[in-house]
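Colleague: As a plain string of letters, each chain reads:
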Amino acid sequence: MLRVDIKKQLGEFMLEAAFASEGRVTGLFGASGAGKTSLINMIAGLLRPDRGVIALDGEILDDTANGVHVPPHRRRIGYVFQDARLFPHMNVAQNLDYGRRMNGLADDAAQQKRVTDLLDIGHLLDRRPGKLSGGERQRVALGRALLSKPRLLLLDEPLGSLDEGRKVEILPYLVRLRDEANVPMVYVSHDAGEMRQLATQVVMLKRGRVMAFGGIEVLPGG
Amino acid sequence: MSEITSAEWTAILLSLRVAMIATLVATPFGIALAFLLARRDFWGKSILDAMVHLPLVLPPVVTGYLLLLALGRRGFVGAWLAENLGIVFAFRWTGAALACGVMSFPLLVRPIRLSIEAVDRRLEQAASTLGAAPWRVFATVTLPLALPGILAGMVLGFAKAIGEFGATITFVANIPGETQTISSAIYSLIQTPDGDAAAMRLVLVSIVIATVALIASEWFARRATQRLHGN
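Residue numbers (this note's numbering), protein chains in the order written: chain Y, 1 to 222; chain D, 1 to 231.
Quick caveat, the hints were computed from the structure, so don't treat them as lab data. Careful: at least some of the hints might be erroneous.
One-sided excerpt, in silico: chain D residues whose CB lies under 10 Å from chain Y [claimed, not checked]:
1. Ala127
2. Gly131
3. Pro134
These numbers come from a predicted model, not from an experiment. Where is the CB? At the ideal position from N, CA and C, for every residue including glycine.
Could you build the full structure based on these sequences and the hints that come with them?
Modeller: Written as structure tokens, this is what we have:
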């Protein structure tokens with residue numbers, strides 16, 4: 001379970017979000033500038049809340065009242081960024097293996113095969129990130145995050161940098177990920193259509209406030 | 001033009017050794033300092049920055065004389081080092097390496113600092129979410145991506161060190177076989193009657209070394225840039 005109850009001053013407005021989510025995919029929905037990315041950066045530990053608590057499965061990750069802040073590298077929370085952020089000096093295989101190495105996990109060939117099959121990236125292993133298409137890059141970034149064996153996977157508009165055709169190409173992988181990978185996810189998007197296909201619970205943000213929280217029926221236009 | 005004499009070889013090899021040791025010893029300090037200046041904010045940062053650049057703007061003779069005052073046998077640091085650790089810099093080749101290291105340090109640090117500043121911090125964030133502690137982020141992401149600048153800084157520092165004259169001759173004098181580098185050998189030869197031919201040979205050697213260093217740095221930089229763009 002992910003529990004968030006934080007306050008953070010962001011430029012002109014105050015981000016105030018409180019929710020507790022048990023869903024397999026928690027959707028953070030809202031227009032750009034609503035505070036979605038700041039919120040998941042706080043869940044990842046890349047940004048510190050001004051006040052409040054963040055807890056995952058009962059473990060406190062942030063608690064400003066008691067001066068608790070677990071740094072990102074100890075959270076075991078995977079993060080897929082909008083811009084993939086693959087390491088340019090490593091090939092795909094080295095990128096995929098990075099999280100395992102950094103966490104000191106044993107080599108798990110079966111798991112690696114499952115993930116590369118799930119995302120269809122087995123044929124890209126020798127390539128450099130510069131030689132990949134946008135969609136391939138995003139799939140490798142997903143695989144890289146999954147193979148670090150996270151307790152929670154954050155996805156910040158992973159389709160945001162792709163054109164419509166590519167989005168349709170990636171979306172089925174995300175659905176498979178939700179149904180097969182067995183890792184709870186927080187999915188950020190401003191696209192109600194994507195949300196409807198992926199999310200099991202939705203947090204609707206507007207200018208830093210939670211406007212609605214519930215199933216996908218809270219999404220507009222549904 | 002006749003062959004290079006053994007005395008000239010001695011000066012050439014000594015120059016190479018002095019410049020190489022100066023560069024290799026200075027590089028880790030240079031990387032650490034470049035990282036501090038590129039990534040951290042602390043009290044006295046601009047003073048530290050100015051201190052690093054001082055050898056670039058001070059007359060080399062002044063830097064050499066300051067080294068002599070501090071690290072000469074009767075200098076406040078030099079006396080202590082000699083007495084307690086048995087380390088002597090004055091009139092030794094190690095002193096020449098120290099003088100060259102100090103003089104070339106600003107040229108070494110600058111490209112490294114610029115290349116660390118150019119490393120995309122979002123990649124470092126990605127590494128930390130994958131479980132890398134800060135020092136491992138540095139070792140596996142920042143450092144490899146800053147490699148072109150590090151190599152450029154090393155080549156630039158080496159080139160400066162091999163040509164250094166003023167601070168070296170002031171600090172450790174001009175002793176053949178111990179502290180007489182190519183530059184100070186040329187200086188002595190020019191003042192010697194009939195020294196012109198020998199001076200010219202050393203001048204040519206200097207040009208060759210500098211050219212090779214430049215070509216090597218270009219080559220490293222091109223390879224490393226390819227790495228950086230993920231091709």
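Colleague: Take the hints in turn and mark each one as holding or not.
Modeller: Here is how each hint holds up against the structure:
Interface restraint check for Ala127/D: the shortest CB-CB distance to chain Y comes to about 7 Å, inside 10 Å, so the restraint holds. Hint status for Gly131/D relative to chain Y: holds, with the closest Cβ pair at about 4 Å, below 10 Å. Among the interface hints, the one on Pro134/D holds; its C-beta lies about 8 Å from the nearest C-beta in chain Y, closer than the 10 Å criterion.
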